[in-house]
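S.K.: Hey, can you work out the whole structure from these sequences and the hints?
Chains as they are written, first to last, in the numbering used here: chain A, 1 to 216; chain B, 1001 to 1216.
To be clear, the hints were calculated from the coordinates, so they are not data collected in a lab.
The reader is advised that the hints may include incorrect statements.
Claimed, not checked - Chain B is nowhere near these chain A residues, computed Cβ spacing over 10 Å in every case:
1. GLN32
2. VAL82
3. ASP85
To be verified - One side only, chain B facing chain A, incomplete, derived with CB under 8 Å:
4. THR1031
5. GLN1032
6. LYS1111
7. ARG1139
8. ARG1160
9. LEU1168
10. ALA1169
11. LEU1172
12. LEU1178
13. THR1195
Note that beta-carbon positions come from the ideal geometry of N, C-alpha and C, so glycine has one too.
2 protein chains.
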Amino acid sequence: MTAPEKRAPKQDRSRLTRERLLGASIDLLATQGWAATTVGAVAAAAGVSRGAAQHHFPTREDLITAALGHMIEQRLEDVRRVGLDLPEPGPERTVAVVRLIVQHYTSDLFKAALHVWTAAASDPALRDRVLPFETHMSREVLVIAADALGYDPADLRVRRPLQATLDLARGLGLADVLSDDSARREKVIRYWAETLDVMLAQVPVASDRDSAPAAF
Amino acid sequence: MTAPEKRAPKQDRSRLTRERLLGASIDLLATQGWAATTVGAVAAAAGVSRGAAQHHFPTREDLITAALGHMIEQRLEDVRRVGLDLPEPGPERTVAVVRLIVQHYTSDLFKAALHVWTAAASDPALRDRVLPFETHMSREVLVIAADALGYDPADLRVRRPLQATLDLARGLGLADVLSDDSARREKVIRYWAETLDVMLAQVPVASDRDSAPAAF
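M.R.: See the structure below:
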């Protein structure tokens, strides 16, 4: 009966090695860019042998797409957690939700993802691997934001302004790559939150929907 | 008196060589990315000898920043020209202005610029050279858009929504790098134009300003 006991720590070590490689990939991508993020460089940064790294991730594309997927799940969990701890419903809650979305697109994950997206722009095979992550992430952020504001994410009158918020946040994330854009960004966040409240004021909140006629 | 006559064609040839190198740089950046866009590769694509290319542009950074600056001026002229030929003032003009801004950020220039920005993210010296172009371009597009809509670009109530429009357009440009986003983009353009009209409805148009008190 010792075999299962021995297997567990080995699996743990393997999982830890994997996670260290994924974390080091995101760090290297965000700070050094695509060309510098090779399996060898990531292994060195993670303190893992090149052979062990290649055992987990045979190619750079395997490593980087796994890193993106892993970090997106972690970020989405962070966003969900913050989403549980927002101000009372009202203008300040909208500001907090817009800020949450914008912070998501100015995070280190976004900076790492930007290097991957840019590389994927001239690499169709990489693009096919990366696109589902981006689609999944956008959809989840939109649902979290709609829930936090008390609206139905399936309602087109909710989805359109929130989708525009995501596009705006992506643009702010890109501007932040060139210069520290944080002071201007805070003004845009407040301005957009006001606009969003005006646009969403036409939509009944989700809690009203249950008592409203289905066709409403 | 033959010397000046001979000088002119030589200057023309030199200018043409320069323009071919700048155009080839943008093409290569947009389609192949930063790593592939070396002085040698650009010279080959432009049908210019490597020596002649290096005479004009000693380093890759010289070549690429000159190419960005040149193409930005060309694109701004295009935007100004389209700006003269818009629908009558009204909702459709706003849609046309938003579309003009979004097209600017989904152009080949944007795709080329994205590669430079991403490279600049981990290269402070390149960033210092690229940032003034981006600042200049954003400012000019904002002024063109405000003029086309008949508003004063110095008015904060005008600048904020237009700045947000530029940020949105940049985000849409980035989304378009990963997948053909044109169908969704057209919906966002129409939605955003409606929103912009709501936000700008509070602001007096520029033609009213002359008759309005200065402090208004």
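S.K.: All hints are to be evaluated individually against the structure, with a verdict given for each.
M.R.: Now for the hints, and whether the structure bears them out:
| no. | hint | result |
| --- | --- | --- |
| 1 | GLN32 | 5 Å, violated |
| 2 | VAL82 | 21 Å, holds |
| 3 | ASP85 | 27 Å, holds |
| 4 | THR1031 | 6 Å, holds |
| 5 | GLN1032 | 5 Å, holds |
| 6 | LYS1111 | 7 Å, holds |
| 7 | ARG1139 | 13 Å, violated |
| 8 | ARG1160 | 5 Å, holds |
| 9 | LEU1168 | 5 Å, holds |
| 10 | ALA1169 | 7 Å, holds |
| 11 | LEU1172 | 5 Å, holds |
| 12 | LEU1178 | 5 Å, holds |
| 13 | THR1195 | 6 Å, holds |
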